[in-house]
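Q: For reference, the chains in residue letters:
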Amino acid sequence: MSGSGEEKVVRTVCGIVDGVRCGILAHVRNGALVKVEPADFPDPRFRHICARALCSTQLVYHQDRLRYPLKRLGERGEGRWQRISWDEALDTIASKLTEIRAKYGHESLAWAIEVMAYIRLASALEATMINPIGFGDAAGPCGDQISYGTHYGDLYTIDFESPGMCVMWGGNFAETKPFCWRRIREAKERGAKLVAIDPRFTTSASKADEYLSIRPGTDPALVLGMINVILERELVDEYFVTAHTVGPFLVRGDNGLFLRESDIVPGGSNKYIIWDTQTNRPQAQDEEGATPALSGVYHLAGVECRPAFQLLADLAKQYPLEKASEITEVAPGTIERLAVEHTTRKPVASYRGMGLQRTFHGDLSYRAIATLAAVTGNINLEGYSEGYRRFLFNGGTILFGDRFPSPMPLLQAYEAIATGQPYPIKALWLAGHNFMNQSPDNNKVLKELVPRLEFIVVADMFMTASAQHADVVLPTCSFFEHLDLVTPIDVLSPYMQLQPKVIEPLYESKSDRDIVNELGSRMGLGEEFGLSAEAYVEAILSSGHPSVEGITLDKLKEGPVEVPPYDFTGFRTPSGRMEFYSEGMRQFGQELPVYLEPIESARQPLAKQYPLSYLSTHTKYGNHSLMANVAWLRELDAEPLLEMNPRDAEARGIKDGDMVVAFNDRGRVKLKAKIHQGIRPGAVNINEGWWHHHYAEGTHQALTHAVINPAQMAVFEPNSAMYDNLVEVKKAGEE
Amino acid sequence: MAKQYGLVIDLERCIGCHTCTVACKLENGLEAGSWITVQTIGGPHQDTPGGKHPQLSMHFLPVLCMHCDLPPCRDACPLGAIFKRVDGIVLVDEEKCDGCQECLPACPYGVLSYDVETNAVGKCTLCAHRVEKGLEPFCVTCCETEAICFGNLGDSGSSVSKVIAQRSAATLKPEAGAKPAVYYCPTRQGRIQ
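Read top to bottom, the protein sequences are chains A and B.
Final position of the first sequence in numbering that gives the first Met the number 0 is 734; the numbers increase by one with none missing.
Final position of the second sequence in numbering that gives the first Met the number 0 is 192; the numbers increase by one with none missing.
For reference, chain A alone in the conformation it holds in the complex (with noise of 0.2 Å):
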């Protein structure tokens, strides 16, 4: 390195990558950023630092970014801009956002961001959240909310000390979660198979002892024609199924009710009744000495009731291993040798990666994984903690206790811009959200939605596609800029972390928590927002949460912290036990994990017209939309590429290199060919995140449809499917 001055050494934590928040040194050098490399943490498998952070002196003194406040000149979109004070931006956000509120009402106004300090600002607007979660995060936790009662129920079936395989199913770890990879590396390395599912062979996949090629989105049929073989080999862990799940209990055959004790004695209580297979008897479900049936039918309160677990097994017998293997395209053999092995290899640890829940259903692959899980005894009952340790992530309300935003899902907020309903947005305030590169129907969004809204503020490091859209943009500071409590928000990650204003803010950009508080006070939303980045950091420690207990910013600053344990053991279920069938989901027919096709697939009638499968996956050369415009990634990975398989490429006299279209009725999107064998026929493939400048034309956005699924609407909000669009590819010239 070259410069003079003394350098000093900053603890901080990395803000790129979403969901890891590794801990790094910063150099500081003249007042500079000049270096990062990785921390240590007390548990040495946290030690980790990936391309993207280390190009942090590049996203940080890039040329492009954002200086001062903007005002919109000329049409949206036209590119036109004045600079204005930041008291003129304030000012004028402060106007317009009242005069909105008045007008349409306090939750017309609304805010989509990964930014947690907007919170507060919501709160005391009590104005509208719309939840990122739902931008293809949002399948997984629905589907584990029905299955464990929590949103994120990987714990139970990653956390082994010492697993014996490890299956990946539809997810690239090695690219994307690199502390599951640790695990999964080092399970490996001590014997364990590795496993991998996925239509494409990906990075991952190329470590693995087996790969399973799968037509995607067919993930619940894969696994029932195995559970199907663990019930023909009388493979099942009855133990665990007895005991945690809610296998035994009766279901009434009239209403897909489970059987209460009130159901059969009168004036009984609520409790599941199971057949005691000792005494021949119904009998409640914390009975002493019952052997509870898991097969059969009885006749109770004159109606026929089967244990759930029977159900379970009828419907499994429809898979027979010709039929899931005609549906997933995985060959019969391979689909009875996994399901042996998820028994004669226990524990099995079961990742299941968030492309897997991005097809329209994808909170049925989620919800059949764990039924596996549990049929075969592979869940780890003391794992669990995470959720207790994400209290914290949602810490921005924890001082307004009294008002609260109103969340809305993200496409149903399409609907409120849209059509008004359920109630109309007309202010959107983005932040750490580029949603309009990043959402799906993007042309939707471009020409429906942002002519809707009567005010749009960007607050971001650059001029993206959301910030060209907007009417004020608001120059942040990157996270080495500003002085923020780091909340441990990787599944596996216990820490808590200091993140130190490392260097001063670059030019007049200004961390998002200064303009929550700038304008709060503004607003006189109250003395709460006069708070300094540290004192509210210090407001949140001595809140008295247990999540918190112990924890000062003292500590902090000497380095990472363990939160504290949390005594958990069991299912926030209804019934307390993990629910491979859910009451509550009978109103879709979805009370068990049924394979349902995926509405956009190779087998709908739509695929006449659009053949192929659409994907838009992740990858280690940026995170979503951040970073694609450092240079050094890349001179690593230069442009966007749409992958194909040569017989796909073949049949439509595409050669690699080509320039192609890639298009259906929502849009298109041209750009180069490559074609290569690591993805399947039938499937393409562009890595999400390009900026629309980077396409010849279109983005990856403008394929996907933004199609609410009403069961994960009902359990917790719908995702967006952005693995489930059909499309066609044409040489470009020949569409």
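What the hints contain is simulated information worked out from the structure, not anything from laboratory work.
The structure presented is a predicted model; accordingly, all values stated were derived computationally and were not measured.
Worth double-checking, as some hints may not be accurate.
[Unchecked claim] So these bits of chain B aren't anywhere near chain A, every CB distance computed over 10 Å:
1) GLY79
2) LYS83
3) LEU103
4) SER158
5) ALA169
[To be verified] Derived Cβ-Cβ restraints for the label pairs, each shown as a range:
6) A:VAL706 <-> B:SER56: 31 to 39 Å
7) A:LYS730 <-> B:GLY109: 30 to 38 Å
8) B:SER167 <-> A:ASP553: 47 to 55 Å
9) A:GLU188 <-> B:GLY109: 29 to 37 Å
10) B:GLU131 <-> A:LEU24: 19 to 27 Å
11) A:GLU734 <-> B:PRO104: 43 to 51 Å
12) B:GLU174 <-> A:GLU188: 30 to 38 Å
13) B:GLU174 <-> A:ALA650: 37 to 45 Å
14) B:LYS2 <-> A:GLU5: 27 to 35 Å
15) A:ASP42 <-> B:GLU131: 28 to 36 Å
Each residue gets a CB set at the ideal place from its N, CA and C atoms; glycine is no exception.
Fit chain B to the supplied structure of chain A, relying on the hints for placement.
A: What follows is chain B alone, placed relative to chain A:
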């Protein structure tokens, strides 16, 4: 055996993340290119496998200056600008180098590069400036999967020497006779040729 700093790279652990590549750029101020690059062994492009779907294989191969015991680049340099230190690190003396590039084709591994701005040849220094301070090369510090180990190959008791023995690690192109100081642990599917 004389002191010889070198690396052992575990190809089973390498996930082709290019973290070493970017770490090298950052540490050595390389705006364009890097002194360690990661090749994909498999298909026609970076990150693509060989074979036919779904019977596929893909590996990653980090390539850098091998700090050879008998460096052909040194022998090819007409100015004596390339030299081997007593610790085994091979360096280019930028003062002496006049940018003639005769060393480039001499290297069996193709890891020397010409820098127009300095009019000199550049390559991996094994982070000699860090090694002198008792630190590891920065690519080793940053490797995502702890796939790269640094140490003295001349000491049969060093951790790198033990890994080489235990994992049957081998060098690339031994037939070139340069005696490289970068070893590779084979993947489970076998040795990378």
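Q: Compare the structure with each hint and give your call.
A: Structure-based check of each hint:
1. At the 10 Å boundary, the C-beta of GLY79 (chain B) stays outside the reach of chain A, the nearest C-beta of that chain being 26 Å off.
2. Non-interface call for LYS83 (chain B) relative to chain A: holds, since the shortest CB-CB distance, roughly 25 Å, exceeds 10 Å.
3. The claim that LEU103 (chain B) lies off the interface holds: its Cβ sits roughly 20 Å from the closest Cβ of chain A, which is beyond the 10 Å cut-off.
4. The beta carbon of SER158 (chain B) sits about 16 Å from the closest Cβ of chain A, which is more than 10 Å, so the claim that it is off the interface holds.
5. Listed as outside the interface, ALA169 (chain B) is consistent with that label: its C-beta sits roughly 20 Å from the nearest C-beta of chain A, beyond the 10 Å cut-off.
6. Distance hint check: the CB atoms of VAL706 (chain A) and SER56 (chain B) are about 38 Å apart, consistent with the given range 31 to 39 Å.
7. Judged by the Cβ atoms, the range 30 to 38 Å given for LYS730 (chain A) and GLY109 (chain B) holds: they are separated by roughly 35 Å.
8. Checked against the hint of 47 to 55 Å, the C-beta distance between SER167 (chain B) and ASP553 (chain A) comes to roughly 51 Å, which is consistent with it.
9. In this structure, GLU188 (chain A) and GLY109 (chain B) meet the distance hint of 29 to 37 Å, their C-beta atoms being roughly 32 Å apart.
10. About 20 Å separates the C-beta atoms of GLU131 (chain B) and LEU24 (chain A), a value consistent with the hinted range of 19 to 27 Å.
11. The hinted range of 43 to 51 Å is satisfied by GLU734 (chain A) and PRO104 (chain B), whose Cβ atoms lie roughly 46 Å apart.
12. Taking the beta carbon of each, GLU174 (chain B) and GLU188 (chain A) are about 31 Å apart, inside 30 to 38 Å as hinted.
13. In this structure the hint that GLU174 (chain B) and ALA650 (chain A) lie 37 to 45 Å apart at CB holds, the actual value being about 43 Å.
14. Between LYS2 (chain B) and GLU5 (chain A) the beta carbons are some 33 Å apart, a value that agrees with the proposed interval 27 to 35 Å.
15. Against the hinted window of 28 to 36 Å, the Cβ-Cβ separation of ASP42 (chain A) and GLU131 (chain B) comes to about 31 Å, which satisfies the hint.
Consistency note: the structure conflicts with none of the earlier hints.
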